[in-house]
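6 protein chains.
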Amino acid sequence: MLINLINPNTSSSMTHCIGNAAQAVAAPDTQLRCVHPETGVASIEGYLDELVAATGVVEQVCQGEAAGCQAHIIACFGDPGLDAAREVAQAPVIGIAEAAMHTATLLGHRFSVVTSLCRTVAMTEHLLVKYGMEHQCSSVRAVDIAVLDLHNPESDAYRRILEACHKAVQQDKADAIVLGCAGMADLQKNLTHALGIPVIDGVASALGLAEMLIRCGLSTGKQGSYAPPLTKVYSGWARSLRR
Amino acid sequence: MLINLINPNTSSSMTHCIGNAAQAVAAPDTQLRCVHPETGVASIEGYLDELVAATGVVEQVCQGEAAGCQAHIIACFGDPGLDAAREVAQAPVIGIAEAAMHTATLLGHRFSVVTSLCRTVAMTEHLLVKYGMEHQCSSVRAVDIAVLDLHNPESDAYRRILEACHKAVQQDKADAIVLGCAGMADLQKNLTHALGIPVIDGVASALGLAEMLIRCGLSTGKQGSYAPPLTKVYSGWARSLRR
Amino acid sequence: MLINLINPNTSSSMTHCIGNAAQAVAAPDTQLRCVHPETGVASIEGYLDELVAATGVVEQVCQGEAAGCQAHIIACFGDPGLDAAREVAQAPVIGIAEAAMHTATLLGHRFSVVTSLCRTVAMTEHLLVKYGMEHQCSSVRAVDIAVLDLHNPESDAYRRILEACHKAVQQDKADAIVLGCAGMADLQKNLTHALGIPVIDGVASALGLAEMLIRCGLSTGKQGSYAPPLTKVYSGWARSLRR
Amino acid sequence: MLINLINPNTSSSMTHCIGNAAQAVAAPDTQLRCVHPETGVASIEGYLDELVAATGVVEQVCQGEAAGCQAHIIACFGDPGLDAAREVAQAPVIGIAEAAMHTATLLGHRFSVVTSLCRTVAMTEHLLVKYGMEHQCSSVRAVDIAVLDLHNPESDAYRRILEACHKAVQQDKADAIVLGCAGMADLQKNLTHALGIPVIDGVASALGLAEMLIRCGLSTGKQGSYAPPLTKVYSGWARSLRR
Amino acid sequence: MLINLINPNTSSSMTHCIGNAAQAVAAPDTQLRCVHPETGVASIEGYLDELVAATGVVEQVCQGEAAGCQAHIIACFGDPGLDAAREVAQAPVIGIAEAAMHTATLLGHRFSVVTSLCRTVAMTEHLLVKYGMEHQCSSVRAVDIAVLDLHNPESDAYRRILEACHKAVQQDKADAIVLGCAGMADLQKNLTHALGIPVIDGVASALGLAEMLIRCGLSTGKQGSYAPPLTKVYSGWARSLRR
Amino acid sequence: MLINLINPNTSSSMTHCIGNAAQAVAAPDTQLRCVHPETGVASIEGYLDELVAATGVVEQVCQGEAAGCQAHIIACFGDPGLDAAREVAQAPVIGIAEAAMHTATLLGHRFSVVTSLCRTVAMTEHLLVKYGMEHQCSSVRAVDIAVLDLHNPESDAYRRILEACHKAVQQDKADAIVLGCAGMADLQKNLTHALGIPVIDGVASALGLAEMLIRCGLSTGKQGSYAPPLTKVYSGWARSLRR
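Chains as they are written, first to last, in the numbering used here: chain A, 1099 to 1341; chain B, 1099 to 1341; chain C, 1099 to 1341; chain D, 1099 to 1341; chain E, 1099 to 1341; chain F, 1099 to 1341.
Keep in mind that the hints were calculated from the coordinates and are not lab data.
Treat the hints with care, as some may be off.
Treat identical chains as interchangeable: a pair holds within one or across any two.
Computed cross-link-like contacts, DSS-like style, restricted to lysine-lysine with a CA-CA straight-line distance of at most 30 angstroms [what the hints assert, rightly or not]:
hint: 1; residue 1: Lys1320; residue 2: Lys1287
hint: 2; residue 1: Lys1320; residue 2: Lys1265
hint: 3; residue 1: Lys1228; residue 2: Lys1265
hint: 4; residue 1: Lys1330; residue 2: Lys1228
hint: 5; residue 1: Lys1265; residue 2: Lys1287
Using the sequences provided together with the hints, build the complete structure.
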């Protein structure tokens, strides 16, 4: 199974971190294509960032399809470009936010999302409504650390994330934690040990879901809402989005 | 009052039609900047189209801000790029789908949306959920005519739209009709006469809402979810999106 | 454009204050008919007050229709008599609560309502459900000051309202504030300056929405839920409600 | 137990019919005060009718309290004046719409409402949302017969109501029927026999709920949303509403 | 009227306490069959406990039907076995959780549930969603006392429950309290006096609802979702569940 | 990986069929323990059937834990005993209804469920509400064939299921089909070919989800809602449920 693991931002170090998280849980017969868009934005912390990243996602989905990938993963917690990617691709597409949220509902009554910057909380809340998860999510907590500072020791990220998780458990009655940023994937193990409850990294979940879909022979329904884009000419930079 | 009326696709004829619809209802002291993106896609009928159009919307919002516009209107029923535009702009931004839906709730118990292609119904349903309008919307009906065929006499568009409206009234108990495509703006008058119930064109509604916000001195809250994009470098074509 | 601005209570000073708030944002071609019912209740702070006020609203809507008004505004945050007024009037009718809430959704991800007495919070929550605004409203906060004391310096109203707004922003993550009482209209400017986020007075919003509807030639759908009242005899005081 | 059974309209024949329906199911120790307002409207088929009727309900609640009633029933399916009555009364107040809907949820997975005029469907739908019953209600069907024609043999009411019930069972999968008008109370028995599923008349249900509340010593919570009206002067006809 | 009052656990003392609570509010013509399953579990504080108790409920419903009971009450706040009991019985079945919640909505804008162990909060939240009560419930608070310790003076149960009720009123704006455990029935009177707002014991409410259904001649709809179990052979211990 | 695949009914032929469906999609390193309860009911088509089956599920979960299973699957579309099983097990537990529904949301805008008997539709609708899937499900259609007749050629099952699927696509706008019975697993391939849209068998999906959870090292959160059952004595047949 060849799976296209797309980091929607342009940071090689994050692509590496995401690849590691996926590799650690991959099935023996799974191969990964770990990529990021050639150009775009180094981290995704707002609606404009998401918009730019989404075009990069589509570009990488197209390249992945050409390379024979059997599933695509969008490894940014806002699931940027998910609908467009489903429209473009023959193979199934999974966002790590939806992957993590669906996984969380299998493990407890309510989950909390712990994310990076406060300004992204609304984006997560939009997804919760879109995915029908309002009842299952008890809170979205932000630690207010920029994505690219998560691995900077001065940000004290681990301690502050752990503290937010503790509050989610004690005050919001969360049975499970969803990590709200692909850049937190490498903290999952330590947080799990410290908390004693499931901590869900969407990258790992999405990989498992992709493997499930491939083994089941399932892909996006292409006759209705996600029918292939109509044949039409795009002009300017967008020409590159149509093969 | 200078208002930036953005047609997100690249069809001059639709920009013209949209401009006319807005001009017809504008206040005496309102001036319009009617524009479309320089490059992109000629009509918007899917998620990929929307993604491309959204970048053009951001481009035109930035140009409109530089030109002194006091409000921005996104004149495509999917409201493409709305969140990113709110993040980027100082002036308020209104999508014609939200404008039409909010207006409809002021005029009846339930409204129906009548739109162009079936494949866009799901996009409208996403917006209904996002805007909290599920209870107020009784149905979304599509006539399955491509946007650019709406003004082609062979498409028989007026008759088919009227028929869909009649079904919405009789079968779905709609008190009002929302036109689900900016390209239907010029049909609003005739449909109103034929149906005897309010038929809402989002372009006209959005213009009125923009005037209202300007007169009230209101704009997007910029301290939380729609704070300006963080300072960061975009690479590739996206460089043009950061001033 | 002649717009019927109805203060549903019988306080001339509030009618004056509401008239000023509307006049300050009116279009050049807008004329106001600022009125209140001849009899009724001096302030509206409960369900019985609302019921009495609603009959006064209907009375003033009828008089306004006779006077040639092209739209009616119900300037009390509970929107008393809104459904009955829509049924009775040919011209469109707007309540200031719905006006403010719809406006708020154009300006931020979530808004908070700051209102007068605690006992009216449930009334606002009923409206939030009726209007489909539960997801968009982050909190309803009351300062527990009676409506007629808002302008009494001893009530310390401005400071207490500002404090509630600050809590709404910091604790409830509101992007915008909706003023939950027509009597707060004159505080809107100072609160906006102090808070730096949009503060929405429903009177001003409703006036803009009324102008929008008039310019667009839209009014209540009169074939279904808001069809004119059936011909029947009312007895007692209610005779005055049927022309 | 003395229970105040209020017909909100001024039709003596309906008061009689409602009284019979209640008497037929009353406990041995229950006494009824069957009344209607002295003035108002002969049948309730719209928002204005409801508003007028609501003031009559408050009047009769006050008189009933003075007469020692231990509970009040509002016997019109729109529950007109329910919130105001709860505010005014010390004893509990029950509307027949809420009574019938709550009862229906005890008897099946989904119920349908069968009501008189189409124009009242929206009023019922408002109540369904307010009472949290959307999931439990499968449809609201109207037979388009005016309330006062229900007992006119020429209206063919029984046959048309039975037909609507059959459609509710077969097409909408209703497990139970809620009669959407107090004037249908005397059809309940025959419909039950003909359909073989529970048919719920809100008058009977409300009486049972009132008896339950009295026996349990329960009444409206008077410290929050339904605290007694504040002391203030009402002018004009409304003076009669304040004791 | 003979009513089957089933304590789903095997504690005779709780059956006694529940019987007393029901007897205190029963109509003069009501007779109770107070029972508990012959085997099962002594208290119900989790999903497995509920499952075991549910089979005991079905057993007692069958015995009650044979004994001529005209209604069945499931006197445990999780309503264990309610759907199966409705399927099995000809007579109507009421759970005390649904009874208490429906009753609470007749008495205030919002209610809070005060329950025993924290681990049961999720079970109550499931019921709130199932019964459509999310909007009407302001909070579920647990005192973390095991069911069988509620009457142990060392548990300090009354004081801790009262404290939770006070928080529900002051912090969560509850107009009424629902007792979240049948074992709290005997505290209802004292709590009511201490709080001055309605405190609802589901056992008493359910008895009143059962009397209402019997007097109205209503029972579960047996043609759809609750049709009698299909004829089939159960093996093992379950054979006893089929007559 | 050893996975416990539990058929909750006692039909060996269905256990065999379910085992085949799972084996066909299992990862190379997956081993299955395909079992059914020793006693219980031969097919599950109602609430009482579910209750009996749920106790068998718990029995098999306990045996599976003892046998070293790393995940448990409940292979009946009603997910009987899911909450109790999560409480009892250390390893994660997945129901095939939730598995199929979550999978469907990854593949289209809306899915339809096609199930066996009409009487089980309400059970599925309860699950849709519990799992937050109302918006994503466009319809639940039943073919009214008993579970054990699905493989009886005289039932004409394949043709009738295919017809229901076609209606779901054309009338309900489903992008994907969820098979509402474990006994339909072997029809998935042919239906997929005939329809050209994804057809989801929950058994296969659940197996993939189980593999995902195991590879990610995730299991049920055991500190809150699903904490292990409290230590207490069960009497009668239920003694066997406590180890």
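Hint-by-hint comparison with the structure:
no. : hint               : verdict
1   : Lys1320 to Lys1287 : between (38 angstroms within a copy, 17 angstroms between copies)
2   : Lys1320 to Lys1265 : between (43 angstroms within a copy, 17 angstroms between copies)
3   : Lys1228 to Lys1265 : both (26 angstroms within a copy, 26 angstroms between copies)
4   : Lys1330 to Lys1228 : both (29 angstroms within a copy, 29 angstroms between copies)
5   : Lys1265 to Lys1287 : within (19 angstroms within a copy, 36 angstroms between copies)
Checked against the numbered hints given earlier, this structure breaks none of them.
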